[in-house]
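Number of protein chains: 2
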Amino acid sequence: MSKFWSRKVKEAKPYVPGEQPEQTDVIKLNTNENPYPPSQKTLEAMHGAINDDLRRYPTPTVSDLKRKIANREGVAPSNVFVGNGSDEVLAFVFQAFFEPNETIKFPEITYSFYPVYSNLYDISFQKVPLNADLSIDVEGLYDSVGGVIFPNPNAPTGVAMALDDIERILQNNRNQVVIVDEAYVEFGTETAVKLTKAYPNLLVTRTLSKSHALAGIRLGYAVGHEDLIEGLERIKNSFNSYTINRVSLAGAEAALEDETYYSHIINQVIQTREWASGELRSLGFNMTDSKSNFLFVKPARTTARILYESLKERGIYVRYFNQPKIDGYIRISIGTDAEMKILIEQIEEIMST
Amino acid sequence: MSKFWSRKVKEAKPYVPGEQPEQTDVIKLNTNENPYPPSQKTLEAMHGAINDDLRRYPTPTVSDLKRKIANREGVAPSNVFVGNGSDEVLAFVFQAFFEPNETIKFPEITYSFYPVYSNLYDISFQKVPLNADLSIDVEGLYDSVGGVIFPNPNAPTGVAMALDDIERILQNNRNQVVIVDEAYVEFGTETAVKLTKAYPNLLVTRTLSKSHALAGIRLGYAVGHEDLIEGLERIKNSFNSYTINRVSLAGAEAALEDETYYSHIINQVIQTREWASGELRSLGFNMTDSKSNFLFVKPARTTARILYESLKERGIYVRYFNQPKIDGYIRISIGTDAEMKILIEQIEEIMST
Numbered sequence: 001m002s003k004f005w006s007r008k009v010k011e012a013k014p015y016v017p018g019e020q021p022e023q024t025d026v027i028k029l030n031t032n033e034n035p036y037p038p039s040q041k042t043l044e045a046m047h048g049a050i051n052d053d054l055r056r057y058p059t060p061t062v063s064d065l066k067r068k069i070a071n072r073e074g075v076a077p078s079n080v081f082v083g084n085g086s087d088e089v090l091a092f093v094f095q096a097f098f099e100p101n102e103t104i105k106f107p108e109i110t111y112s113f114y115p116v117y118s119n120l121y122d123i124s125f126q127k128v129p130l131n132a133d134l135s136i137d138v139e140g141l142y143d144s145v146g147g148v149i150f151p152n153p154n155a156p157t158g159v160a161m162a163l164d165d166i167e168r169i170l171q172n173n174r175n176q177v178v179i180v181d182e183a184y185v186e187f188g189t190e191t192a193v194k195l196t197k198a199y200p201n202l203l204v205t206r207t208l209s210k211s212h213a214l215a216g217i218r219l220g221y222a223v224g225h226e227d228l229i230e231g232l233e234r235i236k237n238s239f240n241s242y243t244i245n246r247v248s249l250a251g252a253e254a255a256l257e258d259e260t261y262y263s264h265i266i267n268q269v270i271q272t273r274e275w276a277s278g279e280l281r282s283l284g285f286n287m288t289d290s291k292s293n294f295l296f297v298k299p300a301r302t303t304a305r306i307l308y309e310s311l312k313e314r315g316i317y318v319r320y321f322n323q324p325k326i327d328g329y330i331r332i333s334i335g336t337d338a339e340m341k342i343l344i345e346q347i348e349e350i351m352s353t
Numbered sequence: 001m002s003k004f005w006s007r008k009v010k011e012a013k014p015y016v017p018g019e020q021p022e023q024t025d026v027i028k029l030n031t032n033e034n035p036y037p038p039s040q041k042t043l044e045a046m047h048g049a050i051n052d053d054l055r056r057y058p059t060p061t062v063s064d065l066k067r068k069i070a071n072r073e074g075v076a077p078s079n080v081f082v083g084n085g086s087d088e089v090l091a092f093v094f095q096a097f098f099e100p101n102e103t104i105k106f107p108e109i110t111y112s113f114y115p116v117y118s119n120l121y122d123i124s125f126q127k128v129p130l131n132a133d134l135s136i137d138v139e140g141l142y143d144s145v146g147g148v149i150f151p152n153p154n155a156p157t158g159v160a161m162a163l164d165d166i167e168r169i170l171q172n173n174r175n176q177v178v179i180v181d182e183a184y185v186e187f188g189t190e191t192a193v194k195l196t197k198a199y200p201n202l203l204v205t206r207t208l209s210k211s212h213a214l215a216g217i218r219l220g221y222a223v224g225h226e227d228l229i230e231g232l233e234r235i236k237n238s239f240n241s242y243t244i245n246r247v248s249l250a251g252a253e254a255a256l257e258d259e260t261y262y263s264h265i266i267n268q269v270i271q272t273r274e275w276a277s278g279e280l281r282s283l284g285f286n287m288t289d290s291k292s293n294f295l296f297v298k299p300a301r302t303t304a305r306i307l308y309e310s311l312k313e314r315g316i317y318v319r320y321f322n323q324p325k326i327d328g329y330i331r332i333s334i335g336t337d338a339e340m341k342i343l344i345e346q347i348e349e350i351m352s353t
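Respectively, the protein sequence lines represent chains A and B.
If you use the UniProt record's numbering, the first sequence corresponds to residues 1 to 353, in order.
If you use the UniProt record's numbering, the second sequence corresponds to residues 1 to 353, in order.
It is worth saying that the hints were derived from the structure and are not from the lab.
For every residue, glycine included, the Cβ atom is placed at its ideal position computed from N, Cα and C.
Mixed in with the good hints, there may be bad ones.
The calculated lysine to aspartate or glutamate pairs, modelled on DMTMM-like cross-linking and capped at a C-alpha distance of 20 Å, are [stated by the list, open to error]:
#1 A:K10 x A:D53
#2 A:K13 x A:E108
#3 B:K41 x B:E11
#4 A:K13 x B:D227
#5 A:K10 x B:D64
#6 A:K13 x B:E102
#7 A:K3 x B:D64
In silico contact screen, one side only, chain B against chain A (beta carbon under 8 Å); selected entries [what the hints assert, rightly or not]:
#8 Y57
#9 P77
#10 N172
#11 N175
#12 L195
#13 V247
Rough simulated footprint, nothing fancy, chain A against chain B, three-plus residues with beta-carbon under 8 Å [what the hints assert, rightly or not]:
#14 3-11
#15 85-95
Produce the entire structure from the sequences given, and follow the hints as far as they go.
Now the structure itself:
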């Protein structure tokens, strides 16, 4: 604790990301990265941006990328905001639409960055407990004072919410902004983007980190009514004029034009998820019905902590959340078929010792 | 104005960056970019980072880059913070070390992002008028309530402050953090980094945008006592775990190891600056003694606004600040010799019409 720290620093409760081991000979199933590489066209476009123009600032308006996102999502460029990863987009959201004295609502078990942002920006929050089956309590998110945020599908449970339920949440928060964080939506959940046309209080956030295998370039975006987008732009332009570098811009633009490749790897992840969940169920594991690129599983014949530690000793990283209500589970990002086979073999070995 | 906007959005006064024209056939001397490209080694390192690993998150701790910066600056890695451009570093600084009800001080004429950050984070500020020669009033920055921030050399004047004066400001703000924003320091000013060892209240910020011709990769850093660095890390980790993408990291690491090349282009910019200032003086222009990669000049026989507009019509972009006390000046980024010759020819033509 330093006398030079602001109150904000003293009270900060920073987010702790999944471990990023420096060794390369591990099987890394702990941070929900895509097991497949970005497409060749994406990489080529990034190579093309490495030239003398790097001496110049990138575009502050990112209008070309906004146009491509708008085409993909069926909206106008004025309905699109772009950020340095969807975490940056979310940080701007908390400043743009939530107020310190107006309590927001989010699920009790959810992306653990939400309370971190809330603490940083002095926003009070109410955690709404999940239902017994670990689905989100839809009615519990009605009638917020300050706004609502939740991922769909939820993390780390992977459980999806139907669009009808999202619409009911929007209808019961007409004067508040509702954020649907769709980081994992491409792995089997219907997007709420179409609802942005009827509901000016809806903002949908996205990332290229998982679906487009581009966690390394840091690119997220948001879609919503142009008033919401303008609010985000005003915060961004009070923070950093140029948040996206030239090479990431080129990669994102190319990736969004290469849907054939990315649909293919997304489908592969889904197939592997279904196969792996069958295998784990046959070992006696319980799990949620994940619509994401990870499984949220309750081990049989051992505890979650022991399984997490045993797997780590064997060079397999999964994620264990040492917190009430979910400390019986581990979250396993979907790897390649080969990686998942090794995982299941190792789990069988651990269970038999 | 939307009912969904927070008070912060409603009151935001976003920064307006210099124009980034889409045409490529202009001479762009308006945003202080380096006229020379990054080094071949830098570009090669960036190409090398474009591979399948982009599917993975970058390092959240950026420890390799911190080590390289530490070596260069003669400090420990724990004395280094890295951000997505020095604008992001400065935004974190305002949250980490300044408090809403403790008025900070900065020069009246200075980087115009400081009041923008202040507004965003509810920090009150006192603008300290410059001396008659446009140098910073050193004693005016003594005894702040909440902290001090100024660029050295100052922008947009280009005027440098001696280390003795910086030390006096530090001695007269023992309980406040003093930020020395060294965005332009490499073009002829002595860095204050050595003072960080004696003054735990000093934080020095830097950018690779100008000296290292890398505005397009967005990379800034800060050097100071490890308590200050920890304060910045706590804000950053409450905002975005991974602020620097893999390709920019690779470029920055390579650039910091290629000092021969960058010293050469920095010296070239300095030589061109001295030549161009001589030419403009001989045309009757007044100017400050700029130690930066730009000139801050008061035109002869025409107004700053007319000169700015006339140059723009001729495809030459310079920066004009339409604000009291400096609306008689234009800021001209130093280009190549060829660009500066064209500039001076065009100014002569404009003056003769």
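Going down the list of hints, with the structure as the test:
no.: 1; hint: A:K10 x A:D53; verdict: violated (41 Å)
no.: 2; hint: A:K13 x A:E108; verdict: holds (17 Å)
no.: 3; hint: B:K41 x B:E11; verdict: violated (45 Å)
no.: 4; hint: A:K13 x B:D227; verdict: holds (16 Å)
no.: 5; hint: A:K10 x B:D64; verdict: violated (27 Å)
no.: 6; hint: A:K13 x B:E102; verdict: violated (23 Å)
no.: 7; hint: A:K3 x B:D64; verdict: violated (29 Å)
no.: 8; hint: Y57; verdict: holds (4 Å)
no.: 9; hint: P77; verdict: violated (15 Å)
no.: 10; hint: N172; verdict: violated (16 Å)
no.: 11; hint: N175; verdict: holds (7 Å)
no.: 12; hint: L195; verdict: violated (15 Å)
no.: 13; hint: V247; verdict: holds (5 Å)
no.: 14; hint: 3-11; verdict: holds (count 7)
no.: 15; hint: 85-95; verdict: holds (count 5)
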